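Those sequence lines, one after another, are chains A and B.
Following numbering that gives the first Met the number 0, the numbering of the first sequence begins with 0 at its first residue and continues without gaps.
Following numbering that gives the first Met the number 0, the numbering of the second sequence begins with 0 at its first residue and continues without gaps.
Bear in mind the hints are in silico, worked out from the structure with no lab data behind them.
Treat the numbers as computed from the prediction; the structure is a model and nothing was measured.
Among the hints, a few may not be true.
Note that identical chains are pooled: a pair holds if it fits in a single copy or bridges any two copies.
[Stated by the list, open to error] Straight-line C-alpha distance at most 27 Å; calculated DSS-like pairs for lysine-lysine:
id : residue 1 : residue 2
1  : Lys12     : Lys182
2  : Lys40     : Lys12
3  : Lys145    : Lys106
4  : Lys155    : Lys85
5  : Lys155    : Lys40
6  : Lys76     : Lys145
7  : Lys182    : Lys40
8  : Lys155    : Lys12
9  : Lys145    : Lys119
10 : Lys106    : Lys182
11 : Lys40     : Lys85
12 : Lys119    : Lys155
13 : Lys76     : Lys106
14 : Lys40     : Lys76
15 : Lys40     : Lys121
16 : Lys145    : Lys155
17 : Lys121    : Lys12
18 : Lys125    : Lys82
19 : Lys125    : Lys155
20 : Lys76     : Lys119
21 : Lys106    : Lys85
22 : Lys119    : Lys12
23 : Lys40     : Lys125
There are 2 protein chains.
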Amino acid sequence: MQNEKQVPIAVVKRLPRYFRYLGEMLRNNVERISSSDLSEKMNVTASQIRQDLNNFGGFGQQGYGYNVEHLYNEIGKILGVDKGFKTIIIGAGNLGHAIANYSNLQKRGFTLIGIFDVDKSKTGQKINDISVFHMSELEQFMNNEKPDIAILTLPKDEVTEVAETLGRLGIKGIWNFSYSDLKISYDIPIENVHLSDSLMTLSYRININTTF
Amino acid sequence: MQNEKQVPIAVVKRLPRYFRYLGEMLRNNVERISSSDLSEKMNVTASQIRQDLNNFGGFGQQGYGYNVEHLYNEIGKILGVDKGFKTIIIGAGNLGHAIANYSNLQKRGFTLIGIFDVDKSKTGQKINDISVFHMSELEQFMNNEKPDIAILTLPKDEVTEVAETLGRLGIKGIWNFSYSDLKISYDIPIENVHLSDSLMTLSYRININTTF
Numbered sequence: 000m001q002n003e004k005q006v007p008i009a010v011v012k013r014l015p016r017y018f019r020y021l022g023e024m025l026r027n028n029v030e031r032i033s034s035s036d037l038s039e040k041m042n043v044t045a046s047q048i049r050q051d052l053n054n055f056g057g058f059g060q061q062g063y064g065y066n067v068e069h070l071y072n073e074i075g076k077i078l079g080v081d082k083g084f085k086t087i088i089i090g091a092g093n094l095g096h097a098i099a100n101y102s103n104l105q106k107r108g109f110t111l112i113g114i115f116d117v118d119k120s121k122t123g124q125k126i127n128d129i130s131v132f133h134m135s136e137l138e139q140f141m142n143n144e145k146p147d148i149a150i151l152t153l154p155k156d157e158v159t160e161v162a163e164t165l166g167r168l169g170i171k172g173i174w175n176f177s178y179s180d181l182k183i184s185y186d187i188p189i190e191n192v193h194l195s196d197s198l199m200t201l202s203y204r205i206n207i208n209t210t211f
Numbered sequence: 000m001q002n003e004k005q006v007p008i009a010v011v012k013r014l015p016r017y018f019r020y021l022g023e024m025l026r027n028n029v030e031r032i033s034s035s036d037l038s039e040k041m042n043v044t045a046s047q048i049r050q051d052l053n054n055f056g057g058f059g060q061q062g063y064g065y066n067v068e069h070l071y072n073e074i075g076k077i078l079g080v081d082k083g084f085k086t087i088i089i090g091a092g093n094l095g096h097a098i099a100n101y102s103n104l105q106k107r108g109f110t111l112i113g114i115f116d117v118d119k120s121k122t123g124q125k126i127n128d129i130s131v132f133h134m135s136e137l138e139q140f141m142n143n144e145k146p147d148i149a150i151l152t153l154p155k156d157e158v159t160e161v162a163e164t165l166g167r168l169g170i171k172g173i174w175n176f177s178y179s180d181l182k183i184s185y186d187i188p189i190e191n192v193h194l195s196d197s198l199m200t201l202s203y204r205i206n207i208n209t210t211f
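Please build the complete structure, drawing on both the sequences and the hints.
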């Protein structure tokens, strides 16, 4: 899938949802699904689904619909979840712990290989069987293990410096939980997680339904 | 803002981002901004911004742009973050701890008033100064304190039952971190957080840039 034509980001952002739904169907032993059934389940139009999947060559067959397992596997390949990307967590606080224990990390094909923290009292501990290293060991670890993805659960004022270091050491992508729109001097993909956005969406929905 | 015309969900989902950006500008003492500067900063078209804000009556002035503080406050009101919604967390595990310590919760105007867990050894503890109660105390607490929002950080197989109980006891909205598209018999807003979606988006972006 390398260096293909640019797929609109809105389409890319819908793929994980397709992947989740198809995974659920697969677990429920659904073998095939029409684009209209898929559209109803996912609350997107059937033509939207066809358009989205046509970005990748399309996977449906007229009059048959989609083979669930095939489509699941193909979307998985597009998403790169078949690559077993080697992943590290930086910041062994509560959120770092929660993510290390997050079963979807492994289930989605990401292999957690190390956790880092500046707090020496945490060095040598294990979280969900993964070792916690001191931050001073990061460079050597990066050189030896060549992790692909770093998950940052750091205080906001430390995140940029750490991310620059990771960029210099060759990380391929960053999943950033520190509240900031992280920008660094290396051209690598960064996904900033803004948890409070969905809380505010909820708040909006409560607000318009409520009389105060 | 109660019961106004339905605003498209895509617009609603952009509001928290406007709110974040405007908050940042406010902290940097920016007084006013043109829709084209705002659009450049946010990477949306200026006409998109005008259209979005027109859903709420529009806040700009021809030739002046937007007053940052006014727009920030107005969007805050639309989002309901000025209401100080009373919030509880159910599940005092790592994620529950992380969210209780998440400074944006208070900063965005949500007031955490209690944390619940089935584990008796946690009862009476405090997390970020908020008391942990046993689940058996939930009904009485709901009746006395009338919380608006419940944040669920529970195992997947417990979440539906707890959410039904919350619905029965009058909760106004649910922020669900348990991996499932939660559906219950009460007609209240639910926001399901799918953390792994953004990790898969990152994975996609790494994948298309990488030759294996």
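The hints, checked one at a time:
Proximity of Lys12 to Lys182 under the C-alpha cut-off of 27 Å is found in both arrangements, the shortest distances being 20 Å within a copy and 23 Å between copies. Proximity of Lys40 and Lys12 under a CA criterion of 27 Å is satisfied in both settings, with 17 Å inside one chain copy and 21 Å between copies. Proximity of Lys145 to Lys106 under the C-alpha cut-off of 27 Å is restricted to the intra-copy arrangement: shortest distance 21 Å within a copy versus 38 Å between copies. Taking the closest pair of Cα atoms, Lys155 and Lys85 come within 27 Å of each other both inside a single copy (24 Å) and across two copies (26 Å).
Proximity of Lys155 and Lys40 under a CA criterion of 27 Å is satisfied inter-copy only: 20 Å between copies versus 38 Å inside one chain copy. In this homomeric assembly, Lys76 and Lys145 come within 27 Å of each other (Cα to Cα) only inside a single copy, at 21 Å, whereas the closest approach across copies is 47 Å. Taking the closest pair of Cα atoms, Lys182 and Lys40 come within 27 Å of each other only across two copies (13 Å); inside a single copy the shortest separation is 37 Å, beyond that limit. For the identical chains of this complex, Lys155 and Lys12 are neighbours both inside a copy (25 Å) and across copies (24 Å), given an alpha-carbon limit of 27 Å.
Taking the closest pair of Cα atoms, Lys145 and Lys119 come within 27 Å of each other only inside a single copy of the chain (23 Å); across copies the shortest separation is 43 Å, beyond that limit. For the identical chains of this complex, Lys106 and Lys182 are inter-copy neighbours only, at 23 Å across copies versus 29 Å inside a copy, given an alpha-carbon limit of 27 Å. Within a single copy, Lys40 and Lys85 get their C-alpha atoms no closer than 33 Å, and across copies no closer than 33 Å, so neither meets the 27 Å cut-off. Taking identical chains as interchangeable, the C-alpha atoms of Lys119 and Lys155 lie at most 27 Å apart only when both belong to the same chain, with a minimum of 20 Å there against 34 Å between chains.
Only within a single protomer do Lys76 and Lys106 lie at most 27 Å apart by alpha-carbon distance; the minimum there is 14 Å, versus 40 Å between protomers. Proximity of Lys40 and Lys76 under a CA criterion of 27 Å is satisfied intra-copy only: 22 Å inside one chain copy versus 33 Å between copies. In this assembly of identical chains, Lys40 and Lys121 lie within 27 Å of each other by CA distance neither inside one copy nor across copies; the values are 45 Å within and 39 Å between. For a Cα distance limit of 27 Å, the shortest separation of Lys145 from Lys155 inside one copy, 25 Å, qualifies, whereas the shortest one across copies, 33 Å, does not.
Proximity of Lys121 to Lys12 under the C-alpha cut-off of 27 Å is found in neither arrangement, the shortest distances being 36 Å within a copy and 38 Å between copies. In this assembly of identical chains, the alpha carbons of Lys125 and Lys82 lie at most 27 Å apart only when taken from the same copy (25 Å versus 42 Å across copies). For the identical chains of this complex, Lys125 and Lys155 are neighbours both inside a copy (25 Å) and across copies (24 Å), given an alpha-carbon limit of 27 Å. Taking identical chains as interchangeable, the C-alpha atoms of Lys76 and Lys119 are never at most 27 Å apart, the minima being 39 Å within one chain and 44 Å between chains.
For the homomeric pair Lys106 and Lys85, the shortest alpha-carbon distance inside one copy (13 Å) is at most 27 Å, but the shortest distance between copies (35 Å) is not. For the identical chains of this complex, Lys119 and Lys12 are neighbours neither inside a copy (38 Å) nor across copies (41 Å), given an alpha-carbon limit of 27 Å. Taking identical chains as interchangeable, the C-alpha atoms of Lys40 and Lys125 are never at most 27 Å apart, the minima being 40 Å within one chain and 41 Å between chains.
This entry does not satisfy hints 11, 15, 17, 20, 22 and 23, going by the numbered hints stated previously.
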